[in-house]
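We have chain S; now place chain G onto it with these hints.
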Amino acid sequence: MATQHSRSAARFMMAPAVILLLGWMLVPLVMTLWFSFRRFLPNRPDIVPGWVGFDNYVRFVTSSAFWPSVQTTLIIVGGALLITIVLGVLLALLLDQPMWGQGVVRILVIAPFFVMPTVSALVWKNIFMDPVNGLFAHLWRAFGAEPVVWLSDAPLFSIILIVSWQWLPFATLILLTAIQSLDSEQLEASEMDGAPPLSRFFYIILPHLSRAITIVILIQTIFLLSVFAEIFVTTGGAFGTRTLTYLIFQRVLESQNVGLGSAGGVYAIILANIIAIFLMRIVGKNLDA
Amino acid sequence: MSRAVTTRRKTINTVLAWSIGFLIFFPILWTILTSFKTEAQAINDPPLFLFFDWTLENYAVVQERSDYMRFLWNSVIIAGGSTLIGVMIAIPAAWSMAFVPSKRTKDILLWMLSTKMLPAVGVLYPIYLIFIELGLLDTRIGLVVVIMLINLPIIVWMLYTYFKEIPGEILEAARMDGASLREEIIYVLTPMAVPGIASTILLNFILAWNEAFWTLNLTAAQAAPLTAFIASYSSPEGLFYAKLSAASTMAIAPILILGWFSQKQLVRGLTFGAVK
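In the order they appear, the protein sequences are chains S and G. FYI, the numbering for the first sequence is 1 to 289, going by UniProt numbering. FYI, the numbering for the second sequence is 1 to 276, going by UniProt numbering.
If you're looking for bench data, these hints aren't it; they were derived computationally from the structure. Treat the hints with caution; some may be incorrect.
Calculated pairs, DSSO-like style, for lysine-lysine (alpha carbon to alpha carbon, straight line, at most 27 Å) [as the list claims (entries may be wrong)]:
{"no.": "1", "chain 1": "G", "residue 1": "264", "chain 2": "G", "residue 2": "106"}
{"no.": "2", "chain 1": "S", "residue 1": "285", "chain 2": "G", "residue 2": "106"}
{"no.": "3", "chain 1": "G", "residue 1": "264", "chain 2": "G", "residue 2": "116"}
{"no.": "4", "chain 1": "G", "residue 1": "164", "chain 2": "G", "residue 2": "103"}
{"no.": "5", "chain 1": "G", "residue 1": "106", "chain 2": "G", "residue 2": "116"}
{"no.": "6", "chain 1": "G", "residue 1": "264", "chain 2": "G", "residue 2": "10"}
{"no.": "7", "chain 1": "G", "residue 1": "264", "chain 2": "G", "residue 2": "164"}
{"no.": "8", "chain 1": "G", "residue 1": "106", "chain 2": "G", "residue 2": "164"}
{"no.": "9", "chain 1": "G", "residue 1": "164", "chain 2": "G", "residue 2": "116"}
{"no.": "10", "chain 1": "G", "residue 1": "264", "chain 2": "S", "residue 2": "285"}
{"no.": "11", "chain 1": "G", "residue 1": "164", "chain 2": "S", "residue 2": "285"}
{"no.": "12", "chain 1": "G", "residue 1": "116", "chain 2": "G", "residue 2": "103"}
{"no.": "13", "chain 1": "S", "residue 1": "285", "chain 2": "G", "residue 2": "103"}
{"no.": "14", "chain 1": "G", "residue 1": "116", "chain 2": "S", "residue 2": "285"}
Chain S on its own, in the form it takes in the complex (with noise of 0.2 Å):
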């Protein structure tokens, strides 16, 4: 029962969240759109900005850098997908089996999530990938194995570890929240009707998690397209692994080209929104209930 009285103090509570959220969205939006159709270099006096109109969105995406960059952002969102989807499953199945210290596993695997993505960036690049003191070098020697220059010779490999590292645990989490909410007598009802623990994990267990797995892939897709410090730290860019988000950063700050950059960054949002919308279905379906 909301009286009249109280809709509009909701309304009136509700306005410094709405007011802020609509600033901090619209302001930036439009000045980046103004931007995107100017020409406008500030470093640069001599060249004199001016309207351009799609021009800075044309040359975007007709320059070499362009097309490069889509590709390794594909790779690292994909490979990073794939690597954290198929062992957060596996890891949430084998976290749900009985067994003794469960908890301390737990605090174990979900440890990488809360390292701050400098440290974890620049611990791997260093003291693991580094070709002459890291760990793995160590390793290869030990082996008799040629040390591998991993951020120069695999260095979309590297990154997409560094950033599994990074997500396994959100994966495997939430996978282990679906699967602990998974109806037992189910499981056990096909165990004994003598379902095979393959044919059990392919006909109850996947698509009970299916909902799990598509809201994982939303929202890290959505992470995943905007990883910025692990390439900032390890290699700035270099060796074919500047992705959008990179391309735009060094359009924008680095050669202060910001009608360009600009332009670079709608087609960043206008991609963020196609996932969002997706992302935003499920969530809302989930509201009404």
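Chain G alone, transformed into the frame defined by chain S:
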């Protein structure tokens, strides 16, 4: 329900799970161990696992050479300030959405969530420009505001899901007894929602502490938090593994401990209530 599990199977599970857990945790463990070695021991081949001369020297050097405490303090202010301000703004909003829902509540919630999906790099230059114009570049205030805004949708969402679980009758009873709206929120709702508010604060403190796009791009020497301080180690100066490890350990230790308390809220907070 207890399914019969043989001891043998349980043992296999345990060994397997502990091994994998150890493997996943190993990079963190190794960093912590390395922080107690000398620089020479840190790169020793074969690697030294436990039998080395444990030393605290690196911690002293990191503090001395780089004024570590200042970066730590910046992190505390930025993460703490943004979280507290965010919660204060979000409590009334979440209250009204949970207890006085209207037709538009769902749309507003989803819209708030959508602002979280806005890729930061898309608005990098505008924010950068606004910061320069307002003199906010490399200030803690500026970062508190930005990080508060990026986490506000999550804070509102988490509080909303917690408030939803509080029976509305209790608030109505308080209203019958003559409590004003303010009193109702402060004396009735807030105490009942303390666990929910606490978990919201915890998770968002962690997210703010680890935020590494805006902190890297909007700070220099003055307001840099630990994320940016650690990144300054990416240009190596000779032997520095042990010091890097000491700096890293100090930066992640508080959050690891807080994080372990927030496991359960993590699922809820980051999936926006879609997985329970």
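Can you confirm whether the C-alpha distance between residue 164(G) and residue 285(S) stays at or below 27 Å?
holds, 16 Å
Please verify whether residue 264(G) and residue 164(G) have alpha carbons no more than 27 Å apart.
Given pair residue 264(G), residue 164(G) holds - Cα atoms ~18 Å apart, limit 27 Å.
CA of residue 285(S) to CA of residue 103(G), is that 27 Å or under?
holds, 15 Å
27 Å Cα cutoff - pair residue 164(G), residue 103(G):
Within the cut-off at roughly 16 Å; holds.
For the pair supplied as a hint, residue 264(G) and residue 10(G), is the alpha-carbon distance within the 27 Å limit?
At roughly 25 Å apart (the allowed maximum being 27 Å), residue 10(G) and residue 264(G) satisfy the hint.
Does residue 264(G) pair with residue 106(G) here, judged by a C-alpha cut-off of 27 Å?
Given pair residue 264(G), residue 106(G) holds - Cα atoms ~25 Å apart, limit 27 Å.
Compare the distance between the alpha carbons of residue 116(G) and residue 103(G) with 27 Å, and conclude whether the hinted pair is satisfied.
Distance of about 22 Å is within 27 Å: holds.
Is the Cα-Cα distance between residue 106(G) and residue 164(G) 27 Å or less?
holds, 13 Å
Decide if the proposed pair is consistent with the structure: residue 116(G) and residue 285(S), CA atoms, cutoff 27 Å inclusive.
This hinted pair holds, its Cα atoms lying about 19 Å apart.
Pairwise hint evaluation, residue 285(S) against residue 264(G), where the allowed Cα distance is 27 Å at most:
holds, 22 Å
Pair hint residue 264(G) and residue 116(G), alpha-carbon separation not exceeding 27 Å
holds, 21 Å
Given the hinted pair residue 106(G) and residue 116(G), is their alpha-carbon gap at most 27 Å?
holds, 16 Å
Hint check: no violations occur; every hint is consistent with the structure.
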